Structure formats: C-alpha cells, structure tokens
Amino acid sequence: MSTLAEIQVSVQPLADRVLVEPAQAEEKTAFGIIIPDTAKEKPQRGTVLAVGPGKKDEPLTVKVGDTVLYGKYSGTELTHDGKDVLIMRESDIYAVLG
Amino acid sequence: MSTLAEIQVSVQPLADRVLVEPAQAEEKTAFGIIIPDTAKEKPQRGTVLAVGPGKKDEPLTVKVGDTVLYGKYSGTELTHDGKDVLIMRESDIYAVLG
Amino acid sequence: MSTLAEIQVSVQPLADRVLVEPAQAEEKTAFGIIIPDTAKEKPQRGTVLAVGPGKKDEPLTVKVGDTVLYGKYSGTELTHDGKDVLIMRESDIYAVLG
Amino acid sequence: MSTLAEIQVSVQPLADRVLVEPAQAEEKTAFGIIIPDTAKEKPQRGTVLAVGPGKKDEPLTVKVGDTVLYGKYSGTELTHDGKDVLIMRESDIYAVLG
Amino acid sequence: MSTLAEIQVSVQPLADRVLVEPAQAEEKTAFGIIIPDTAKEKPQRGTVLAVGPGKKDEPLTVKVGDTVLYGKYSGTELTHDGKDVLIMRESDIYAVLG
Amino acid sequence: MSTLAEIQVSVQPLADRVLVEPAQAEEKTAFGIIIPDTAKEKPQRGTVLAVGPGKKDEPLTVKVGDTVLYGKYSGTELTHDGKDVLIMRESDIYAVLG
Amino acid sequence: MSTLAEIQVSVQPLADRVLVEPAQAEEKTAFGIIIPDTAKEKPQRGTVLAVGPGKKDEPLTVKVGDTVLYGKYSGTELTHDGKDVLIMRESDIYAVLG
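Chains as they are written, first to last, in my numbering: chain A, 1 to 98; chain B, 1 to 98; chain C, 1 to 98; chain D, 1 to 98; chain E, 1 to 98; chain F, 1 to 98; chain G, 1 to 98.
If you are wondering where the hints come from, they were derived from the structure by calculation, not from laboratory data. Take the hints with a grain of salt, since some may be wrong.
Sample of chain B residues lacking proximity to chain C, with all beta carbon distances greater than 12 Å (derived) [to be verified]:
| hint | residue |
| --- | --- |
| 1 | Q12 |
| 2 | A15 |
| 3 | E58 |
| 4 | T76 |
| 5 | T79 |
| 6 | D81 |
| 7 | L97 |
One side of the interface only, derived from the structure: several residues of chain E facing chain F at Cβ under 7 Å [claimed, not checked]:
| hint | residue |
| --- | --- |
| 8 | V11 |
| 9 | P59 |
| 10 | T61 |
| 11 | V64 |
| 12 | G65 |
| 13 | Y94 |
| 14 | A95 |
| 15 | L97 |
Fair warning: this is a prediction, and the values are worked out from it, not measured in the lab. Built from N, CA and C at the ideal position, the CB exists for glycine as well.
Work out the full structure: start from the sequences and follow the hints.
Right under this line is the structure:
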C-alpha cells in the first residue's frame, strides 16, 4: 500500500483476544467450506496471526496459524502491516479447521 | 455437489461447541418422534459430527454419532464437506435420543 | 396413533432438563388440585418421564414417575412415542405432588 | 368445596420454594400489622404450609407454620386441598412474624 | 391508633433484610444532616428496628438502634405496632450515622 | 448555615461506600486538572471524608483525605455538617490524585 | 497552555483502570497501523501514562509507556498536565503494539 519503508510493528492481543486475518473470497472453495447464502448469521473463516495470554484460569485454545471460523459481526477491524485484520475475543471463534 | 476432488477438512469445535448435521425431513417419522405443529418453538433433530473439548470444568456430554434434539433457532449454519451443518453450544441441545 | 410398527426411541435429557407428560384435563380434579381461573400465571401438572444427570454440582431432585407442578409456559413441546410431551429445565418445576 | 371424598395430596416444593396460604382479610388487624394504603408495593401476610429442601449451600430459614410477609405480586397461585395457596421462592419472603 | 389491646408481634427480617423506622421530619435538623432539595435522589434517615441473620457468608453490619441513611425509594412499607416502617435490604443502606 | 450549636454527627459509610466532598470550582485550576468541555461524561474531583470497611474480600483503596476523580453522575447527595457531600461506591472513583 | 507555574499532580488510577494519552493523528502512519474507514467501531491508539494496581486476583498486563489499541468510545476524558488524556478499564484495551 506504500513504497515507503514502514516500521514493522507487532500486535500483542490482551487477555482472551485473538488477531485474525480474514480469508480471501477465492480461497474459500479450495477448502471445501462453503458458507450458505441464508438469512442466518454466516460464519467467516480466517487465519490466526496473534493470540493473547488468556485470562487467569483460561489459557487460549487457538494457536498462531490456525484456520478458524468466526461470526460475521465478530471483532474490530484494523489495518496491520498493510492487511485488513480483525481483533476479537476467542469466544467469538466457533471452530478450528484442520 | 462437485465432481472436483476437494481437500477434506475437519472442523474442531472450540470449548462447548458441537457440530450437528440436521436430520432430513423424511427420516423423522421412522424414529417415532413427531414434532407437533403448534405455536411453540419446535425442537429439531440431528446427528453430532464433532464436539469441542468442553470448558475448563465442564466436559461435554454428547458424543460424535449421538442423535440430538435442539432448538429450532439454535446454532450457526455452515456448509461442510457438501453438507449443511450447524455449529451450536451444547447448552442448545435438549436431549440425546437412544 | 399408527398401526405401523415403530422403533421405540428413548429420550435422555441433558444436564438439568426433564421430560414431562402433561396431565389430561379430566384427571385433575381426582387429585384435589384445582387450578384457579385468575389473571395470574397458572401452574400445570404432569408426570416425569425422564430426567437429565443434573449439572456438575447439582443432581436433580425430581424422579421418573413424579407428579410435578410447572409454569404454564415452561418447556418445549415435542411428540414422543405418540404422546405430546414437554422438555424443560428442573428450575421450571415448582413442586412435587405426593 | 365438595362433599365427595378427595384423595389428599401433599405438595413438596422444590429447591428454595415455599408454599404459603395467604391470611384472610379479617385476621390481619388481630396481629397488629396493618398494611398501609399507599402507592408503594404492599407486603402480604400468610402462613407457610410447606418448604423446599433449599439449594445446595443454602438451607431455607422459614419453617412450616411460620407467619410470613411477602411481596404483593410474589408467587404463583394454585388451589390445594380446597384452599387458594401460593408457591414462591423464599427470597420473595421479607420477614417472619413472631 | 387503637384503644383496644393488640397482640404485640415481632418482625424477624430474613437474610439481608433490615426493618427501619423512618425519622420524623422535625428531628432531622437536630442531627445536622440536611437533605438538599435537588433533582438527585435524596437519602432518607431512619432507625434500625430489626435485622436479618445475613446471607451465608455475609453477616450484616448494621445493628438494632443504628441511625442509618438509605435511598428515597428503598424498601417496602408496612405498618408495624402502629408505626409506619420499612423493610429493605442492607445494600439499600448507604451509611450509619454516629 | 446556622449560628445554633449543632450536634456533630459522623457518617460511617457501609461496605464499599465512600463519602466525598466535591471540590469547589475555583480550586480546580490550581491542581492543573482541567476538565474539558466536551460531550463525554466529565469526571469530577473531590476529597474523601470517610470510607466504608470494604466488602468481605475487598478492602477499600482510597483513604480519608485523598483527592479523587469520579464520574459526573456518581453518588447520592446529602448535606453533612453544613457541606454538600456525596456518598458513592468506590467503583465510581476513577483515580486518586497525588 | 499556560505560562503560569502549575503544581504537577500525578494521577493514580484505581483497580483495573489505566490512564492513556491518545496518539496524535499524524503519528499514526509512521507505525504502519492504519485505521480503515468503515462502519465498524474503529480502535484508537495511545500511550499508557499510569496504571492501577489491578483487582484482587487480576494484576494488570499493560505497563506505563506501552502503546495500546482501544475502542473508539472507551474511557472518560480529562485534561491532565495540559494534555487531553483518557481513563479507562484495562478490559477496554484490545492489544499492545510492540
């Protein structure tokens, strides 16, 4: 998005938060997960970029690199390192795809 | 739904979530469970495809292969491996049919 | 309700849920419990058909065969084995009649 | 209310529920408790007929025979043994009169 | 309020409830507490007549005879022994005056 | 406010409540804290006059004499010893100024 | 903002509160974090100036000097030492930038 050198900055989520990069639309069929076009809330798929340390008694389950399904309206958008990413709570994640 | 080879992908639900494949309408009478046509919320029947590890102190009760009753508006729809499935919390499941 | 052989299917409620068969209207006077016709929510009477294992630290109190009083709008209707039954949480049950 | 022999039936409240028979209007002055006629919610007085076993860590405080004060809109009405009675949670009871 | 002999009746509040007799309007200036006439909720002052045993792990702090400040809309009115009194939860009491 | 001798009365807040005397408007600039004039809720500054004993497992942090910041709509007004004061929960206090 | 000598005053947040100085608009691109202009709630970036001691069992994770992302509507504005700052709960902070 810029030809200028940018200072790389890491994002360390707090507590039970997870940084997720949403999958591109074209990747989706390759994995055999097709999100149906219905009136219900549709889950989204993405890749975990960073995870928080968890809460006191609840370490997180998802790991960096996991492909995850999450709710359509989950998380807060930010642009990190030129990519549109989302920061959300782990409880907003439904499942890990393996 | 496709003659193309698809990469099989497993879905590992998180925490207390359960992946359920809804029963087809024609199977229902065979089991002797008839959902009455009233104004109340009607439970639905399906088969458990995958279960989460449970929460810290609460392992899940349902197992893969269980036939379960759940609320009509429970869960989030997704298409997995060519099938319409639902991902829901175990607390959305009313009972196991045996 | 059908002359066809039907596969009997048991319903195992999960957690703190209870399967209840509502009493017929004509049985009610025989037990001396008359539900008054007022503006307040009226309790209903029924027989427990199956009970869940309870939650982690709270086993259930009601037993199969108990006659119970419950709130008018409690539970979810389903038809089990040709009978209209209700599945509800034990906390929706007010009392056991003895 | 009936000259027919009726089967006596006991009511065993569940958990923290209490069965209360409301006091007759004429009894009230005899005890020196007069419910003022104001816009605030008025407490009612009654006699405890049956008590539940309490919740896991909280046995009930009121006993059968206690005269209790409770909120005007507390509880659910039922007719038991020819009497209009109320079933309510102990937390709906404000005080015991001695 | 009556020249008839009345049976004295004690009121034993349950759990964390407290029986309070509101102070008369004319007493208030004598203690140096003046409730300002603003749009905010005004605390009221009264004397504790009886206290409950407290909840399981939380004995009550106020004692019989304490002068207390409480919220204007706290508690439920009743007439006890010819006096207008209030029954409220201890958490409705802001402070003890010494 | 009165030339009459008044009986001094102490106010002992209950539980996690704190008695605060709001700062006068003219004092505010002297401390370098200027409350901006925006649409957001503005914190207020005051001096702690008395503190409660805290809740069972949570002793209070603020001490008598502390200058504190609190929400604009926090607390309940009363007049104590001729001064307009506020009684609020410690959780309504944002910070101590040192 | 003033040529007058001002008394420096420290702000010690209570419990799980954190004092944050929002980043200036022009600094933002230098760190490679660009907040997209969408309908979703946008996170904000700032520097931690002071932190509370945490709650009883939950010490805080962020430290003075951390660059943090937080929700657009998080916190309460105040002017401290001539700067517009925010006081918020740590749970309003999404991530630490490193």
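Here is how each hint holds up against the structure:
{"no.": "1", "hint": "Q12", "in the structure": "holds (21 Å)"}
{"no.": "2", "hint": "A15", "in the structure": "holds (16 Å)"}
{"no.": "3", "hint": "E58", "in the structure": "violated (6 Å)"}
{"no.": "4", "hint": "T76", "in the structure": "holds (20 Å)"}
{"no.": "5", "hint": "T79", "in the structure": "holds (27 Å)"}
{"no.": "6", "hint": "D81", "in the structure": "holds (26 Å)"}
{"no.": "7", "hint": "L97", "in the structure": "violated (5 Å)"}
{"no.": "8", "hint": "V11", "in the structure": "violated (21 Å)"}
{"no.": "9", "hint": "P59", "in the structure": "violated (10 Å)"}
{"no.": "10", "hint": "T61", "in the structure": "holds (6 Å)"}
{"no.": "11", "hint": "V64", "in the structure": "violated (16 Å)"}
{"no.": "12", "hint": "G65", "in the structure": "violated (14 Å)"}
{"no.": "13", "hint": "Y94", "in the structure": "holds (5 Å)"}
{"no.": "14", "hint": "A95", "in the structure": "holds (5 Å)"}
{"no.": "15", "hint": "L97", "in the structure": "holds (5 Å)"}
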